[in-house]
Amino acid sequence: MAVTCANRVRSAITLAALALATYPLAVAADSRVNPLEMTTPGGERVESCADPTVIRSQQPGEDAWYMYCTADPLGDWDREPGGGYVYHLIPVLRSTDLVHWRYEGDALSERPSWAWPLANLWAPEIQYFNGLYYLYFSVTDTRASVSGETNCGSDSAIGVATSTTPTGPFTNAGSPVVEPRRNGSGCDFLATIDPEVTVDDAGQRYIYYGSFYGGTQVRELSADGRSSSPSTAVQIAAWDRFEAPEVVRHEGDYVLLLSAAGCCNGPLSGYLVYAGRSTSPTGPFVDRDGVSLNTARVGGTPVLAATGNRWVGPGHNTVVTDLAGQHWTIYHAIDVDAPYFADSVGFTKRPAMMDPLDWVEGWPTVRGGWWVSDCPQPVPVAISGEPPDYTATFFEQDEPGALIPELSDEFDSGLGPQWSWVREPAAGSWGVESGALRFDTQAADLFEDSDSASVLVEPVPETDFVVEAHVLLDVPASGCCYNYRQAGLVLYGDDDNYQKLVHVSIWGTRVTEWAKELAPVPAGYPRYDKSFVGPPADGTYLRIVRRAVFGGEQYTAYTSRDGTTWTRGSTWQHGLGPTAKIGLVSMGGDGYTARFQFVRVYELAPRDCSDPSLADPCDSDGDGLGDACDPDDDGDLIGDLEDCASRDPSAGRPTSITGVSVSENAVSWNASPTADLYDISRSSLAELAAGQYGPCLADDWPDTSLDDPETPPAGSGFGYLVRGIDLACGGGGTWGTDSSGTERENNHPQACP
Numbered sequence: 026m027a028v029t030c031a032n033r034v035r036s037a038i039t040l041a042a043l044a045l046a047t048y049p050l051a052v053a054a055d056s057r058v059n060p061l062e063m064t065t066p067g068g069e070r071v072e073s074c075a076d077p078t079v080i081r082s083q084q085p086g087e088d089a090w091y092m093y094c095t096a097d098p099l100g101d102w103d104r105e106p107g108g109g110y111v112y113h114l115i116p117v118l119r120s121t122d123l124v125h126w127r128y129e130g131d132a133l134s135e136r137p138s139w140a141w142p143l144a145n146l147w148a149p150e151i152q153y154f155n156g157l158y159y160l161y162f163s164v165t166d167t168r169a170s171v172s173g174e175t176n177c178g179s180d181s182a183i184g185v186a187t188s189t190t191p192t193g194p195f196t197n198a199g200s201p202v203v204e205p206r207r208n209g210s211g212c213d214f215l216a217t218i219d220p221e222v223t224v225d226d227a228g229q230r231y232i233y234y235g236s237f238y239g240g241t242q243v244r245e246l247s248a249d250g251r252s253s254s255p256s257t258a259v260q261i262a263a264w265d266r267f268e269a270p271e272v273v274r275h276e277g278d279y280v281l282l283l284s285a286a287g288c289c290n291g292p293l294s295g296y297l298v299y300a301g302r303s304t305s306p307t308g309p310f311v312d313r314d315g316v317s318l319n320t321a322r323v324g325g326t327p328v329l330a331a332t333g334n335r336w337v338g339p340g341h342n343t344v345v346t347d348l349a350g351q352h353w354t355i356y357h358a359i360d361v362d363a364p365y366f367a368d369s370v371g372f373t374k375r376p377a378m379m380d381p382l383d384w385v386e387g388w389p390t391v392r393g394g395w396w397v398s399d400c401p402q403p404v405p406v407a408i409s410g411e412p413p414d415y416t417a418t419f420f421e422q423d424e425p426g427a428l429i430p431e432l433s434d435e436f437d438s439g440l441g442p443q444w445s446w447v448r449e450p451a452a453g454s455w456g457v458e459s460g461a462l463r464f465d466t467q468a469a470d471l472f473e474d475s476d477s478a479s480v481l482v483e484p485v486p487e488t489d490f491v492v493e494a495h496v497l498l499d500v501p502a503s504g505c506c507y508n509y510r511q512a513g514l515v516l517y518g519d520d521d522n523y524q525k526l527v528h529v530s531i532w533g534t535r536v537t538e539w540a541k542e543l544a545p546v547p548a549g550y551p552r553y554d555k556s557f558v559g560p561p562a563d564g565t566y567l568r569i570v571r572r573a574v575f576g577g578e579q580y581t582a583y584t585s586r587d588g589t590t591w592t593r594g595s596t597w598q599h600g601l602g603p604t605a606k607i608g609l610v611s612m613g614g615d616g617y618t619a620r621f622q623f624v625r626v627y628e629l630a631p632r633d634c635s636d637p638s639l640a641d642p643c644d645s646d647g648d649g650l651g652d653a654c655d656p657d658d659d660g661d662l663i664g665d666l667e668d669c670a671s672r673d674p675s676a677g678r679p680t681s682i683t684g685v686s687v688s689e690n691a692v693s694w695n696a697s698p699t700a701d702l703y704d705i706s707r708s709s710l711a712e713l714a715a716g717q718y719g720p721c722l723a724d725d726w727p728d729t730s731l732d733d734p735e736t737p738p739a740g741s742g743f744g745y746l747v748r749g750i751d752l753a754c755g756g757g758g759t760w761g762t763d764s765s766g767t768e769r770e771n772n773h774p775q776a777c778p
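When we follow this note's numbering, the leftmost residue of the sequence shown carries the number 26, and every step to the right adds one.
Derived by calculation from the structure, the hints in this document are not laboratory data.
Being a predicted model, the structure only gives us computed values, none of them experimental.
Where hints are given, some of them may not hold.
Restraint ranges, calculated between C-beta atoms of paired labels, are given here [what the hints assert, rightly or not]:
#1 Q83 to R127: 12 to 22 angstroms
#2 G549 to T175: 43 to 53 angstroms
#3 A502 to A248: 37 to 47 angstroms
#4 N695 to L114: 29 to 39 angstroms
Just so you know, even glycine gets a beta-carbon here, dropped at the ideal spot from N, CA and C.
With the hints as extra help, turn the sequences into a complete structure.
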């Protein structure tokens, strides 16, 4: 049976309940789709593996990799007898191909003796030297004998445990490698979490640690790997900005990868990964534009961020090298459609993901700059001598096309007629003068239910567009605290639905914040969160790109310090629609002034789609055009099924398949008028009741019947399931419905993709 696998949106099924049988395994494919395939020995799916770290086995004759994760539950099913979730003491998973992973148990049988009994163990780091595996990890709360304070919950430290094998048993050291670090009296401790270890050419090892409260430091690690000296500590990244250090050696440089923004705010998490580079393991680390990572206007070159598909908050990554020498990064991210553990809104589930790490002029970027993938990808080379299957396709930045004069303003002769105010500010607090719009910062905001800020607005174009502004904000370039004075651009649907790109002061840092707010949301879900882009300057150039794609609207942020070299940030999905406005804000606290030198609105220059496979390696709707090249045919500012009519008049998700029947060793069904191919699976009725629709018998099958020599005998309780696939713009739908008609996802680990 020939089977090919492609990642398509799920579609409706029809079930014929017949007989129970032994299932054939799905045919292996030389591609994979995020997240990584992880299971327990009993077949349960491992749905979360936050803060991963990976090592290749050093055991003689063992060709395998091992992954270690933060101490969370493995999935919705991972419960105590009383119903509460199990919190593992650093789960360990094993793989022979870096794609399929199996849970092997927990690394630790107990917390270190110096840890508080209920402390969390986070963010492991695995190393091998001195003939031992060293497992470093964060301990969130230490005993008073270590920190000098009781009942803090903030006196974190770095621990280590060692073992002769990658699965343990690991033996805890009797004291921290990095002790709790005081910032003040009482329970005021700096965040001492997220260990990373590297070694220089002379054999000296270094340990990195830190987080948003205190920034990132590095120390020399002792020869036995069990201690470090505070006297050797060097601050290498700014307070309130980064966490999760990872160091990669490349062409003689130390490349420091750090994560920023919020890791765990469900479907609005803005987490992303930055890079800095140095010739020394202790820095100084600077970004591509020469800006330090340890300055108030914080530098950093984005390496990995959200791309507008279903995955948000990618970060806290590790880097591995396959047997062909290709770098791959394994990280966690969040599925916007399934962000939380069951019955636990707010408890974010973070599955492990993998994509290739490429290099452009000495700087890392994931998947050639296409970043998070949600479509079939090549697999790493896991057997020596296999040819590489991955070829990088490099992202080309969005560019402005033709200027739209009626929506652009140089502010050289008053406000243009296109502008109007949402809540006009007080007279004298704004004006057009000396070729700029002066807009004093307001003691007002645009945040959730605090909607008092003024917004100067104009219409959006009737097509995809680019809007740019040059803003000078006179908040001091360093020092604390000018929270949260900000100025910049807003794409404004209303007070509770917008995208915001601003230069903002946050404690001791100055950043460009790329935020999203939306409403209404389900109970307990977030309404607002932020990501970041490049460092600001005295005058910061801001750019927002709006593009309609299949499935909705995408908004991408860019920033620049000189108006020439642009840094790209995350892409958010949002539904602002054609009635949204381009807006300017200056808010977050009074006492300062923003000056907008210009606002320029352009048509979005089309990408070169002459070869769609080069324009975008993902094709979510299967129409032969890469996602970046799907047109908005009907001009409604939304990429949707209506855009397919010119290419596929019958496009649409295939309806439920009818007429499923079994005769001898074959199953057949009626053709669907909108289906080009079919997926077929088989499952027991017990599994169906749990949403498990069985392993894949055939993926993208061209006929309306399938021979199945292992058809179970009639009467033993099994079912065939069939779904249609439209190769043009229709794609598919869900695998099936339950008795109330609620759509379900097939959770079987060998399901058709």
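Do the hints match the structure? See the list:
In this structure, Q83 and R127 meet the distance hint of 12 to 22 angstroms, their C-beta atoms being roughly 19 angstroms apart. Between G549 and T175 the CB atoms are about 32 angstroms apart, so this pair departs from the stated range of 43 to 53 angstroms. About 42 angstroms separates the C-beta atoms of A502 and A248, a value consistent with the hinted range of 37 to 47 angstroms. One distance hint, 29 to 39 angstroms for the beta-carbon pair N695 and L114, is violated here, with the actual separation near 53 angstroms.
Figure legend: structure checked against the earlier numbered hints; hints not met, in rising order: 2, 4.
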